[in-house]
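First to last, the protein sequences are chains A and B.
Using my numbering, the first residue of the first sequence is number 167, and each one after it goes up by one.
Using my numbering, the first residue of the second sequence is number 167, and each one after it goes up by one.
FYI, nobody ran anything at the bench for these hints, they're computed from the structure.
Please note that a few of the clues may not be correct.
Stated by the list, open to error - Far from chain B by the CB rule (all over 12 angstroms, computed), these chain A residues: (1) Arg172; (2) Glu202; (3) Gly277; (4) Leu311; (5) Val320; (6) Met322; (7) Ala325; (8) Gly337.
Claimed, not checked - Here are the in silico distance ranges between beta carbons for each label pair: (9) B:Glu283 / A:Arg172: 20 to 30 angstroms; (10) B:Ser220 / A:Asn297: 35 to 45 angstroms; (11) A:Gly247 / B:Glu340: 30 to 40 angstroms; (12) A:Ala206 / B:Ile200: 28 to 38 angstroms; (13) A:Gly208 / B:Leu173: 56 to 66 angstroms; (14) A:Lys359 / B:Arg239: 22 to 32 angstroms; (15) B:Tyr217 / A:Ser199: 28 to 38 angstroms.
What the hints assert, rightly or not - Think about it this way: if two alpha-carbon atoms lie no more than 20 angstroms apart in a straight line, the pair counts; the simulated SDA-like pairs of lysine to any residue are: (16) A:Lys347 / B:Asp196; (17) B:Lys347 / B:Gln312; (18) A:Lys193 / B:Asp196.
Cβ coordinates follow ideal geometry from the N, Cα and C atoms, glycine included.
2 protein chains.
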Amino acid sequence: MSRRKRLELDERRAQLLSLALAAFSTKSYDDVSIDELAQAAGVSKGLLYHYFPSKRDLYLTTVREAAEQLMARIVPDPSLGPLEQVSRGVDAYLLYVHDNADAYLSLMQSGIGRDQEVYAIVEHTRHEFVNVVFERAGQALLNPLQRTLVRGWVGMVEAASLDWLKTESVGREELTRLLVKTLLYSVQLGIPKK
Amino acid sequence: MSRRKRLELDERRAQLLSLALAAFSTKSYDDVSIDELAQAAGVSKGLLYHYFPSKRDLYLTTVREAAEQLMARIVPDPSLGPLEQVSRGVDAYLLYVHDNADAYLSLMQSGIGRDQEVYAIVEHTRHEFVNVVFERAGQALLNPLQRTLVRGWVGMVEAASLDWLKTESVGREELTRLLVKTLLYSVQLGIPKK
């Protein structure tokens, strides 16, 4: 296959994913129509199924893409100090949420049923987030209680993000600063008393 | 309809919901079979559809039930002091999570797609949780930034609960104490600087 042909295929795939992301972000799973997506992209249903064998596969791919986009944005410069890396990671997370509200909502909002595959993608992203913003700052040293609290803090970042998207209650820098302070406080709470 | 007949119907409905909850807690939405549920309950598929007109309706009812069970457990005694109410609410929340892991996972874990109805139930529960454990302690007085942080803290309670279910990293009383401390810290962080 020629390089140009491959590029065309990649572009077509990216276009389909972008349309799918918009559809799954705004409608329930049942209400998303593969026919409509193919029509909007100007491709046959057969070609769409060539890229994505099933509606479920298309959905899971859009969630995975949203997760990868988020992760790509929040990897901080490893030459910075640990605390600075945490701050940059949180700030980049909030910036992603702000600039990609639809994708973020797709990733984080509740869907129907309990779904191990969807959950695995979201959990993996949470885990990576902790790794990226925190492992370099010493996650290996955390005790189990501190891990529970840090895992809880990731939930706080997610829930605060969702509220902040709606209310714009505070500037991004200030919210970053307060979330990082809460992380440090939580880690310190988990230190065993002598 | 006689009182006894009504009781029988209520019991039947409760039995169906309990079976449905177990099924939706452990399988993906697509994998839950209405035929199997009817068979396990010893009723016809027609009777099941008499109670719950569609699979989606049955699913939403189980989620709603789980949310109501949770809320019923965490309403603290209004005669207690505000801080004591918060502590009791968080403790009851963790106790519910521990005793009803399947129902809690149904309520909180990711399903497929983005679903406004499911999301509305979960969000309503979060809102009620804040009201119950916090409004009496002065939520009306919170500024928008404090609300974002308290909403974030609810996400922390959820995420920490899910980790704690798996790891049992700490006793329930101690986790309650630390979560309440984090709440107070977050509220204080949101006070505007003079």
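Tested hints:
no. : hint                                    : result
1   : Arg172                                  : holds (31 angstroms)
2   : Glu202                                  : holds (15 angstroms)
3   : Gly277                                  : violated (4 angstroms)
4   : Leu311                                  : violated (5 angstroms)
5   : Val320                                  : violated (6 angstroms)
6   : Met322                                  : violated (4 angstroms)
7   : Ala325                                  : violated (3 angstroms)
8   : Gly337                                  : violated (10 angstroms)
9   : B:Glu283 / A:Arg172: 20 to 30 angstroms : violated (42 angstroms)
10  : B:Ser220 / A:Asn297: 35 to 45 angstroms : holds (42 angstroms)
11  : A:Gly247 / B:Glu340: 30 to 40 angstroms : holds (32 angstroms)
12  : A:Ala206 / B:Ile200: 28 to 38 angstroms : holds (33 angstroms)
13  : A:Gly208 / B:Leu173: 56 to 66 angstroms : holds (60 angstroms)
14  : A:Lys359 / B:Arg239: 22 to 32 angstroms : holds (30 angstroms)
15  : B:Tyr217 / A:Ser199: 28 to 38 angstroms : holds (30 angstroms)
16  : A:Lys347 / B:Asp196                     : violated (42 angstroms)
17  : B:Lys347 / B:Gln312                     : holds (15 angstroms)
18  : A:Lys193 / B:Asp196                     : holds (18 angstroms)
In terms of the numbered hints stated before, the structure departs from hints 3, 4, 5, 6, 7, 8, 9 and 16, listed from lowest to highest.
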